[in-house]
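Peer 1: Could you slot chain S onto chain E? The hints should help.
Number of protein chains: 2
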Amino acid sequence: MQIPPFSSAEYDRRLAAARAAMHERDLEAMIVTDPSNQAWLTGYDGWSFYVHQAVILPAEGQPVWWGRMQDTGGARRTVDIERTGIVGYADHYVQSTERHPMQHLSGTLADLGLGGGRIGVEMDNYYFSAKAQQVLFETLPAATLVDGTGLVNWCRAVKSDEELDFMRRAARIAERVCQVAIDMAAPGIAKNEVAAEVTRAGLLGVGEDWGDYPAIVPLMPSGSDAAAPHLTWNGDPMREGEATFFELAGCYRRYHVPIARTVFLGDPPDHFRRAEEALLAGMEAGIDAARAGNRAYDVANALGAELERAGIERAARCGYPIGLSYPPDWGERTISLRPEDETVLEAGMTFHFMPGLWVEDWGLEITESILIREDGPAETFCSMPRQLFVKGSA
Amino acid sequence: MQIPPFSSAEYDRRLAAARAAMHERDLEAMIVTDPSNQAWLTGYDGWSFYVHQAVILPAEGQPVWWGRMQDTGGARRTVDIERTGIVGYADHYVQSTERHPMQHLSGTLADLGLGGGRIGVEMDNYYFSAKAQQVLFETLPAATLVDGTGLVNWCRAVKSDEELDFMRRAARIAERVCQVAIDMAAPGIAKNEVAAEVTRAGLLGVGEDWGDYPAIVPLMPSGSDAAAPHLTWNGDPMREGEATFFELAGCYRRYHVPIARTVFLGDPPDHFRRAEEALLAGMEAGIDAARAGNRAYDVANALGAELERAGIERAARCGYPIGLSYPPDWGERTISLRPEDETVLEAGMTFHFMPGLWVEDWGLEITESILIREDGPAETFCSMPRQLFVKGSA
Numbered sequence: 001m002q003i004p005p006f007s008s009a010e011y012d013r014r015l016a017a018a019r020a021a022m023h024e025r026d027l028e029a030m031i032v033t034d035p036s037n038q039a040w041l042t043g044y045d046g047w048s049f050y051v052h053q054a055v056i057l058p059a060e061g062q063p064v065w066w067g068r069m070q071d072t073g074g075a076r077r078t079v080d081i082e083r084t085g086i087v088g089y090a091d092h093y094v095q096s097t098e099r100h101p102m103q104h105l106s107g108t109l110a111d112l113g114l115g116g117g118r119i120g121v122e123m124d125n126y127y128f129s130a131k132a133q134q135v136l137f138e139t140l141p142a143a144t145l146v147d148g149t150g151l152v153n154w155c156r157a158v159k160s161d162e163e164l165d166f167m168r169r170a171a172r173i174a175e176r177v178c179q180v181a182i183d184m185a186a187p188g189i190a191k192n193e194v195a196a197e198v199t200r201a202g203l204l205g206v207g208e209d210w211g212d213y214p215a216i217v218p219l220m221p222s223g224s225d226a227a228a229p230h231l232t233w234n235g236d237p238m239r240e241g242e243a244t245f246f247e248l249a250g251c252y253r254r255y256h257v258p259i260a261r262t263v264f265l266g267d268p269p270d271h272f273r274r275a276e277e278a279l280l281a282g283m284e285a286g287i288d289a290a291r292a293g294n295r296a297y298d299v300a301n302a303l304g305a306e307l308e309r310a311g312i313e314r315a316a317r318c319g320y321p322i323g324l325s326y327p328p329d330w331g332e333r334t335i336s337l338r339p340e341d342e343t344v345l346e347a348g349m350t351f352h353f354m355p356g357l358w359v360e361d362w363g364l365e366i367t368e369s370i371l372i373r374e375d376g377p378a379e380t381f382c383s384m385p386r387q388l389f390v391k392g393s394a
Numbered sequence: 001m002q003i004p005p006f007s008s009a010e011y012d013r014r015l016a017a018a019r020a021a022m023h024e025r026d027l028e029a030m031i032v033t034d035p036s037n038q039a040w041l042t043g044y045d046g047w048s049f050y051v052h053q054a055v056i057l058p059a060e061g062q063p064v065w066w067g068r069m070q071d072t073g074g075a076r077r078t079v080d081i082e083r084t085g086i087v088g089y090a091d092h093y094v095q096s097t098e099r100h101p102m103q104h105l106s107g108t109l110a111d112l113g114l115g116g117g118r119i120g121v122e123m124d125n126y127y128f129s130a131k132a133q134q135v136l137f138e139t140l141p142a143a144t145l146v147d148g149t150g151l152v153n154w155c156r157a158v159k160s161d162e163e164l165d166f167m168r169r170a171a172r173i174a175e176r177v178c179q180v181a182i183d184m185a186a187p188g189i190a191k192n193e194v195a196a197e198v199t200r201a202g203l204l205g206v207g208e209d210w211g212d213y214p215a216i217v218p219l220m221p222s223g224s225d226a227a228a229p230h231l232t233w234n235g236d237p238m239r240e241g242e243a244t245f246f247e248l249a250g251c252y253r254r255y256h257v258p259i260a261r262t263v264f265l266g267d268p269p270d271h272f273r274r275a276e277e278a279l280l281a282g283m284e285a286g287i288d289a290a291r292a293g294n295r296a297y298d299v300a301n302a303l304g305a306e307l308e309r310a311g312i313e314r315a316a317r318c319g320y321p322i323g324l325s326y327p328p329d330w331g332e333r334t335i336s337l338r339p340e341d342e343t344v345l346e347a348g349m350t351f352h353f354m355p356g357l358w359v360e361d362w363g364l365e366i367t368e369s370i371l372i373r374e375d376g377p378a379e380t381f382c383s384m385p386r387q388l389f390v391k392g393s394a
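These protein sequence lines are chains E and S, in that order.
Going by the numbering used here, the first residue of the first sequence is number 1, and it counts up by one from there.
Going by the numbering used here, the first residue of the second sequence is number 1, and it counts up by one from there.
One chain only, chain E, in its complex shape:
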């Protein structure tokens, strides 16, 4: 297994892109706390992001992975140590009321000659708390902390061929897990059993391509609960007359391809069939609008027009960029496919086109992960019949 996962040229490209963005903002360094960004820049991989850690990316010179001392072993085993420095902090900084890891980070920055000047931080990230900012501010008096939320994330928007290769492998896994869910769905089967087999299939992967853990667990509410997009599962049986949507992903070495399909057990009522028809027309229109040179809002508007024609109101955004990710989110948190987002689509961008319908007492999700191409409509990563799956109808 190649460690880190990509070529040196690929990491060169990434570092150069991040530094160009930093240069535009006149930053002397960037403190990268988002684990997805850390992995993207250095290859660092491990479930250690529950404690404070970061990649220090100076405008020039070596990036440095900084984290808990016991995790420097994981860093040495996942990054290219010729390319990335490694610094650890002592364990008494962890979840202490007397010390904070950011005090140590300030010292590390000073040691690197980065104790002053404009330093970027990811202010709106799960892994950069209000307290982290406060301590960094207090212990780096000569520095100006600048909000660099999304700076690295934006560099990730257009995927390289190496990344697309990973995503195509993830797509095969996504198809597999989706098929398992559709095959198992039946009246009486306990939902946690479906979750168990779906998750197993995802980790088994496909052929030589072993499965990694998705950044979100299976979302699979049934019946009236499907009006709520983010419920997980319980031990209740699936029931005749109910729809269950399965929002799942295949994950290959942290690269995600999500997909959702809905299974109706029994005969779907007319309103459900009408919603399916409108949704499929909207998706076709959206995928057709998802072209290089068009804008994010073109996709949203194309979908919206079809739904409106069917009298369906839908306020939520209908998609977001995907790729490398860690919990709690498999999105990249940059572009949103919605009427107000003017981002120009470029070849190599990848999205989860996600027009879920969550209505008062039912829900319907049929989604596709898509790739913007040089020409023509977007390519879908997965080849799953795009439809409502109906099982056991009379």
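Derived from the structure by calculation, the hints contain no laboratory data.
Idealized CB from N, CA, C, for every residue including glycine.
Cβ-to-Cβ under 8 Å is the rule here; a few derived chain S residues that face chain E:
no. : residue
1   : 71
2   : 91
3   : 196
4   : 216
5   : 235
Peer 2: For chain S alone, coordinates are given in the frame of chain E:
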């Protein structure tokens, strides 16, 4: 299935405990952004914590779950709506560069008459970013934001009988997943296959007790990689002559019981056997010291003395409280079992006693989840042989 999971009396107890802690700090309200704390106070459950959400807990009156509009459906389905208010914000606040959800929260607080005074926030939490604090500060000029990190978490330290019942169910699941790992471990088996079967077993649960997703995925590095505590898995085969530790958990309705065991394939070298012996002696001493009235450091020191006798240096903390949790951490982030923590142990406290050894080129984890009793040494939640498992030795 009971929704929310616990009795009204249990939620009364929790709200009263949190309010007593708020009263001590003279807080008029607490903004609870930690999903574990939100679930503990209201029962709210769903994988929606990747966007900003909170429970507003005023000193008097109803708690309010506040989050993305599309997740109010999940709130209505998981909290007791007689007891908890629900407020949603429009989707255009989500991951926008023009708006921030905390602007909406400020408005909600003002509507509730909580726009001024001392308001607690969880400054050092994954789900309260530096940006969230900044926006709240700017849009609530009459309020004083007070750091209430851990305020609710500390209230969770002593478990009720209802909670212990959940944890005992989680323990049965933990034993099951641990046994699957031990049974499957063999030269040549791909590590992701073991991860797949372990995870499947965890979600299947035991008997009527369906399995929920643990807040951390299986940690299971092999050989030299086991020197790094937080690596997950890949598609490599397990190998003769290598040890693999499995750090796993059973999870029942968000309540966790972690456990780790190590499997050696082949004949363990002498240094490994000596480490096992010292570790087991240290665990026995630590469990004996884990008594009501003793302090957190007594457990750490009891372990440390046995390890020192064997010439093993170990700097990291050796445990943390466990219970209800969401990713990315199954710990409660309050007490640490380490020499400097003077917390007095109380009956009903629950810990993952976690004296992992991560050495230059190997690792050994044998751990127990424990319950502090009224009298005598701690009770271990799981009944797994406490030993190094050796398979396929000559």
